[in-house]
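Fit chain D to the supplied structure of chain V, relying on the hints for placement.
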Amino acid sequence: MMFSKSKKSKQKFIACTQKSKKYEFTNPKELYIKQGKENIPIEIISDKQGLVFIIWKKKKYLVDIIEKNQNQYEILVNGVSYPISVESPFSYKRRKYLAKNKEISKVERIQAPMPGKIVEFLVEENQEIKVGEPLLILEAMKMQNEIVSNIQGKINKINFHADDTVMKDDILIEVEK
Amino acid sequence: MKKIKSILIANRGEIAIRISETAKKMGVKTYGIKTSKEPGAYYLKFMDEIIDFTETISEIPEFLDIDRIIFAVKEYDIEAVHPGYGYLAENPYFAQKCIDEKIIFIGPTPDAIYKLGNKTIAKQLASAHNVPLLEGSSGNIKNVKHAKQLAHKIGYPIILKAASGGGGRGMRIVEKEEEIDKMFRLAQNEAEKSFSDPSVFMEKYVRNPRHIEFQILADHHGNIIHLGERECSIQRKHQKLIEESPSIALNDELRAKMGESAINIVKASKYRNAGTVEFLLDEAGDFYFMEMNTRIQVEHPVTEIVTGLDLIEWQIRIAQDEKLGIKQKDVKLNGWAIECRINAEDVQTGFTPFLGTIEQIQIARTKNVRFDTGVAEGSNVTASFDSMLAKLICYGDTREKAIQNSLNALSKLYIKGIKTTIPFCKAVLNNPKFKSGDISTSFIVKEMKQSFHQEEDEELIAAFWAALNHNIQLDIEDEKYVDYERGKSMTPWLMNKRLKSL
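Chains as they are written, first to last, in our numbering: chain V, 1 to 177; chain D, 178 to 679.
Take these hints with a grain of salt, some might be off.
Derived lysine to aspartate or glutamate pairs resembling EDC-like cross-links, with alpha carbons at most 16 Å apart [what the hints assert, rightly or not]:
| id | chain 1 | residue 1 | chain 2 | residue 2 |
| --- | --- | --- | --- | --- |
| 1 | D | Lys414 | V | Glu146 |
| 2 | V | Lys58 | D | Glu632 |
| 3 | D | Lys589 | V | Asp47 |
Calculated directly from the structure, the hints in this document are not laboratory data.
Isolated chain D, as found in the complex:
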């Protein structure tokens, strides 16, 4: 077995730093890519060597430029590439190109990436290996008779959706057979009116589904284990915002059943390395395979906290052909972990990206707090990249304690200069339904009256701060103004105000 000695981290932000930390621990040399869009980026401080991509040589964004990355790996004689998430992480062509060039791609085989990335093939694999799927019509519904037959086969409730639709229009939920005649016509009419296309298709309707995903590790020697589940039901427009492990919705029996299904998908696709199998779970405890993500995921830390395993380390060890030393029975989920995504978004105006400079960022780190950040003081948030800045992961013996620790940590996470999702995360964690574990993927839409948390006197404090600053501003503008601080108790915010007024 040959150990990997050097890795190119073909990514940026917090995940580049995360990978570098494990690499450092394992004695692996790291190479990072410097781009013209953020030449002074924080992640570059963590790399042993920096490869300069600041010169623009093509239209392709740096982290997607396969030829340029491969060329750099050869030029610097680097042994392996870690793609992180996004960018080239799930590009089978890139993984194949690495193999062709005798570079170790830290991830699954190109064949597995391709098969699982193709929805049709992935679903065929699942159904061939007894993994439950969300059933639906494979095309448009011809007539009422057809609709009845299909609905009978799928089982009620079902949902009719406009083929050209979106945004909730042209959708009808049908609870029982007596309704289907009427609902089918209504859906058709609505589809015709809204989209000038009457075609509708049918799917099994899952009421208040939860998003449950299983973390998988598979080596090159046929050993496969799952590391339990993560629940990622708190999402907005399919963007996950808060994740936790384990899930309150699973007991040992269901965990074993879902874990087995996840492992079946891995076996069927001959999957290697770390991966995630995503399911929808309904109120009755029935689950349906959605897709498999063939990469390390943003929310991997919650699994690391409860299992005590370093997933990046295992990705590297599997890539260098090591055997999984852990058996399924050795995997124990201890306590509870919750991850809050800290994004540069204005939660008061529909989560629009907020651009600017992070003037200051501070966190109180304790033993129950892990903070994976891609930014530091002075970092710029630009429109070139994703809005996720950092992840706050908190541990507790119980879910209740993990929530409490998260709220404590959020109240001591100070970011100055930009707006973030911190007030949103606080609102979720304070919500009684979230606390009781009664969540689903429609939680934000259904249960949150306000998308941000406010303390009682915040508006009063804001009003006072504005009045005080305005008062000082007027004094400065006033000729009769005297130098009141006598050079002694000058504070940064006062100095700042003064400089701005010059």
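Next up, chain V with everything else stripped away, as it sits in the complex:
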């Protein structure tokens, strides 16, 4: 596979995971990943059916972009999801700076993972919640799904009621960290 060389000689990208682990890539179009001092080449294969594989260190990985929003990517590698945000060195610094200031009071939104009908809320406004605490029951595909909290905090606002129908990504609950 060929890519045009960018006019800028060195383009650096910082890919951040959800747990704020960062991976740095310089000129990714040159198709290698640096490990220690060694540049280990990457091969990209796309078959006729549209599947894309990466081969690296003799191992084959199925890759797929399942969602994308500006610099936010959700990548599936062998079916496992990795949310990654890609930053430039400049935007990375800004992001870190903003995150620091935000920490004092931050509102997190809990979104509907799928469309469905709300069976019941298991929590109330102003309630303190822990990670893993069941928040509500959402019915979809004839199954009742328990939506659990992935954050700790205090519930600011509940935007729906039992029996409401919600779309995917609707903001169900707002939590103050």
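Chain D alone, transformed into the frame defined by chain V:
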């Protein structure tokens, strides 16, 4: 004996395809039902004739609409109905209606469906025919004295459960008589606090139970055989996810004993056709009858692989009054088979259903791999139906080899566009306790630290792929961007990216 010449398959997805394949082999004409929820569904490609149910005429879902299905069978002059699993498969009223209309229902009699579907009657049948049952209090426990008497009768350990409870709250396991006084009061208090209702009931407590079920075939001439067991202990919230046959927990002696109990249930209920008797098996090798499923089951392929029999074929042959040509002594379980359910679920966020379009699905088929799928490229996964897409069934001479073959096949099963349970199945099959056969129905909760399998460098690869795609994205947005592929090495993913950016 009159052979069935046509069948309406009153189902969808992989099981509709599965039934059609055997029907085709037997020279039986198949009719399928097209619904408005998935008019372009994959299973319709396998039907000889399609009956159009896309016009909505009632609130009842198409595959549950008894009157409409019966009317279609009469209109098209079809001889028999195969209900598959779910929907009308265990509806005694539907089976009776078929008989009334002189349609062959491929399944048991309405009477057997009714009796075995009713938990109280089923348990009465079992206890009247010496099939062991999980004992318990038939109602709430009055006081400590009552609790002691009951526990003595049932035998320790027992479990006390809140009558209005659920989710583990208000449950107490009692190991010995000295504890029951205290535990009964604690359970009552907890039940009162959690559910504003202090009533508790008692059950025999089975430690680390295994789910073992026996496949049965019974004809209309009094012949009954069992085709050995399936172990379905890998389940989450009572949903089976991985099944195997045989079970590592059974030896020939226990198999014969449990098989005999299963056959006793069949005799007691005058059951005909294929069915499954479910048991709980405890660590001591004691087993307890749970229920009988009066239909073909999702996990039937593992039995087919180890016995070499086609269960759908036998369902049809029994329905057309043929005699079972196979004797119990002829049934041999050869090798090992494992089934992995491929569901459209996000295993990283609590197995929530994942909706979307299957952009691509590919599998490397070898002689040890069977893939029963209800979806193909372009299939939509919607909230209208169950999340199960396909079943991967792998064979091996031994359990170890079947596990290895399953892992190989899973690593070459590529699905693009949606999230599935593939990473979960890999995690189970790689788990040392699963490998050693040390499993129970609480395996997922107790033994799995992570519900999905990850390879070492996957996150790095994901990070790289995001960075590369972002780099290309920025180039496209950049005015100075030049057409670098010169129309030659354009790849679908690049084209896709380009189209999305327009």
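Checked hints:
Between Lys414 of chain D and Glu146 of chain V the alpha-carbon distance is near 11 Å, which keeps this suggested pair within the 16 Å criterion. Note on Lys58 of chain V and Glu632 of chain D: the hinted pairing holds, with a Cα-Cα distance of about 13 Å set against a maximum of 16 Å. Restraint check for Lys589 of chain D and Asp47 of chain V: the C-alpha separation of about 14 Å stays at or below 16 Å, so the hint holds.
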